[in-house]
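Chains as they are written, first to last, in the numbering used here: chain P, 1 to 315; chain V, 1001 to 1440.
In short, the hints are calculated from the structure, not lab data. There could be a bad hint or two in this list.
[Said to hold, decoys possible] Examples of chain V residues toward chain P, derived with CB under 7 Å:
no.: 1; residue: 1045
no.: 2; residue: 1129
no.: 3; residue: 1223
no.: 4; residue: 1281
no.: 5; residue: 1377
no.: 6; residue: 1380
no.: 7; residue: 1382
no.: 8; residue: 1383
no.: 9; residue: 1385
no.: 10; residue: 1387
no.: 11; residue: 1388
no.: 12; residue: 1389
no.: 13; residue: 1390
[To be verified] List of simulated lysine-lysine pairs, DSBU-like, C-alpha gap at most 35 Å:
no.: 14; chain 1: P; residue 1: 212; chain 2: V; residue 2: 1370
no.: 15; chain 1: P; residue 1: 287; chain 2: P; residue 2: 212
no.: 16; chain 1: P; residue 1: 203; chain 2: V; residue 2: 1125
no.: 17; chain 1: V; residue 1: 1054; chain 2: V; residue 2: 1370
no.: 18; chain 1: P; residue 1: 203; chain 2: P; residue 2: 287
no.: 19; chain 1: P; residue 1: 203; chain 2: V; residue 2: 1370
Glycine included, each C-beta is placed from N, C-alpha and C at the ideal position.
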Amino acid sequence: MFRRFLRRDERLDEGVRKTRSSFFGRLAALLPRSEITDDLWGELEETLIAADVGVDTTERLLERLRARHAAGEFGTGKELSRGLQEELAGLLRPPDGREPLLPSDLTVVLTVGVNGVGKTTTVAKLGHHWSRSGRRVLLAAGDTFRAAGTEQLAIWADRVGLPCVAAQRGGDPGAIVFDAIAAARARGFDVVVVDTAGRLHTKTNLMEELRKIRRIVDRQGVVGRVILVLDAATGQNAVVQARSFASAIGTDAIVVTKLDGTARGGMVFSVVRELGAPVCFVGTGEKVGDLAEFDSEAFVAALFALEAPDDLPGN
Amino acid sequence: MFDALSDKLQRVFDQLGRKGKLNEQDVDRALREVRLALLEADVNFRVVRSFLDKVRGRAVGVEVLQSLTPTQQVVKIVHEELMALLGEAGRLATAPSPPTAIMLLGLQGSGKTTTAAKLALHLRKQGQRPLLVAADPYRPAAVTQLEMLGRQLDIPVFARPGVAPAALCRDAVAEARSAGQTHVIFDTAGRLHIDEQLMAEVAEIRQRTNPSEILLVADAMTGQDAVKVAEEFQQRVGITGLVLTKLDGDARGGAALSMRDVTGVPIKLIGVGERPDALELFHPDRLTSRILGMGDVLSLIERAQESIDEERAAELQRKLRSARFDLEDFLDQMRQVKRMGPLTQIMQMIPGLSRAMRDTDQSAADQSLKRMEAVILSMTPEERHHPEIIGGSRRRRIARGSGSSVADVNQLLNQFRQALQMMKAMAGGKVPKHMARLFQ
C-alpha cells in the first residue's frame, strides 16, 4: 500500500517525511522495541497530544487500545503499533456511499476557512489539478474584502492558464458567484472553484454572508460543494472551526495545507470524526503542483514508516 | 479568546470552593483538571508539565495548609504563575537615532501584512511617522496588498520590484532617514522555519539593517507546533518579541504561553480584529485576569479614552448640567460607542459579562445600535431637539422612515429618557441607587 502511494505522489511523502521525523518517527522506532508497560502508555498519550490529536480523541484512542490489549490482542510493542495505525486510519476513513466530490454536472466548489490558512493558493492548486484531469475549470475571486485578495488569485490564474472571474474590492461576493455560474454555463465550463474571504467562524455576519453565497449557488440549480481549508499548524481550534463552518453551510471535504512544515496536522483525526467529511487533498508547498490526493491508509502508514529519521534517540 | 480556558479553571475552582480545606490529593485533582484545560488550550505539553510542577510546588504544603481560603490561595498561585509565564507588558523599543526599524516575520498566513498596516497606524496615532516596506516578493499580489492598505490609511509604502529583500530594506531605511520618517516597518515574506534559504534571507535583512525590534507574528490558533516554530526563528534569526494575531476568534491561545516560555521574549502586541485599529499592546495582567475570568476592565477604559473625544465629553457635561441633553447628543454618544469597536468585543472586557456574552448572538448588540441610529436619523431636527413633541402619528412616520416598528421607536425613546434621568442624577452628584451599587 505504501509503495503504491509513493509512486502515485512522492510529494505527499516528502511533506509527511518531515512530520514523521519530527514526531511519529520517534514513536515508530520506539514501539516495536518496547515491552508494553505503563511508561509506554504514558509515552503514547504524550506523543498523540504533542501531535495535536487532542485530549479527547487521544483518550478515546487509548481506551480502545487498552481494551484490545486487555483482550490479549497485543503481545508486543510492534503489535500495539499496528493496532494504533489501524485505529488512526479508521478515524480518517470516510463512510461508504458518499457522493463523488465532483460529479460530471456543472459543480460550484466553495472554498472556505479562517484567515491565512491558504485558501487562495489552494483554489489555484485545485483548479490546476482538475483542469489537468480533463475538467473545464473556471476560477472565481470571491475574496473582495482583503486588500489585493482578488489580484492574488488573478495572478495565480494567469500562471496556470485558467480563466478567472473577479470584481472590485468591496464588491458583493454573491454577485461574483452568480456571474461565474452564468459565465460557466455560457462558455461551457463544468467546474467553478470559488475563493472566499477568510473569516473567523465566530463572526456571525460573515458566516451569514457565506449562507447567502450558498443560497445563490443552490438557486442556480447547480451542484454545490463546500471545501473547508485547514492549516496543518492549527491546534484544537480546528475542531471548533470545522463545526462552525459545517453548521453554517455544510462541509463536503477538507483540504489540509502547509504539510511541508513541521506541523503534524494531528487535529485532522478529531475534525474528520466531528464532521464525517473526508480529507480530499493536502497542500505540501508553495508551487501550484504541490497538492496531493489524500489517502487515509497511506497517510497513516507513511507516518509510521520505519525509514529511521536522523533525530532518533539511540540511533 | 481565553474564555474556554477560564471557564474550565473556574469550574475546577468552584469545585474546590465547595470542599473547604485542601489536602495534597485535592491539589493533585485540581491540577489534573488544569492540565487538561491547558492541553486542550493548545499549551505545549512540556510547558504544561513545568508550569504544573511550579504550581504544585507552591500549592501543596505550607502555603495552602496555612491558608484560610484554599481556593483563593490556589487561584492566586495559578494567577501569579501565569503572570510570570506571560512576562512583562508590551513595549516597543526605539532606536537611539531615527528611523527605528521594525522587522515582522513569521509563517505563511500568520497575518504579517495586516499587522504591518495596523502597527503603522498605531505608531502614527502616537505622533510618529512610519514608512511601510513591502519586502515580500514571492506571494502573488503581496506588494499590492500592502500598497492598498497604505493608500487606505494614508501611510507611505516603499516598494521596489525586482530588488532583493535585504537590499530593499536597506534602501528603505536610507529613504526613511532622508524623508524624516521615524519608523520603518519591514513586511517580510511568509516562510517555513525549516526553509534554509528563506531563513538565511531574513538573517541577512537583520544583518544589513540592524532592526530595533524583530517581531515574530504568530497565529493564536497554532497548536503544539508553535514551540518548534518559535524556537527555530529565535535560533536562526533572533527575535525580540511576539505578536499574536486573530485573538478575536475563540482560540484558547495556549500557543501564547508556549512561545513565550520557549523563547523568553515578551509578547508585545495582539491583533484583535480585521479593522486597521484592532491592534493592542499586550498586558499580561489583563490577559491573566481574563484567563481566570476576571474581565479586562483596564483595556476597556483605555480604549474608551482613545476613542471618545475629550472636548465632546466636556461639551456633553455642560449640556448635562444645564439639562439640555437631547436626541442629537444621544445619537452622538452612540456613535462614539460604536467607534470603540464591535460591542461584543467591548462587553467581553467587562468582568462577569464574558461568559454570558458568548452565548448571545455575536452581532445582535451591534445590530440594535444600528437600529437605534436609524430611528433617530428618521426624525426631524425639531423632534431630535424636543423629543417630547413626538406623539403617536410622528412615531408611526418615524417607524416607517427607519424601516422599524413603533415598538422600536418607543423603546428608543424610553432608553433615551432613562439615560437622561441617570445622567441628570450623576451630574447633580446624586447617583441612582442601582448605579450606586455598581460603584461600591
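Earlier hints that do not hold, by number: Hints 2, 4, 5, 6, 7, 8, 9, 10, 11, 12, 13, 17 not satisfied by this model.
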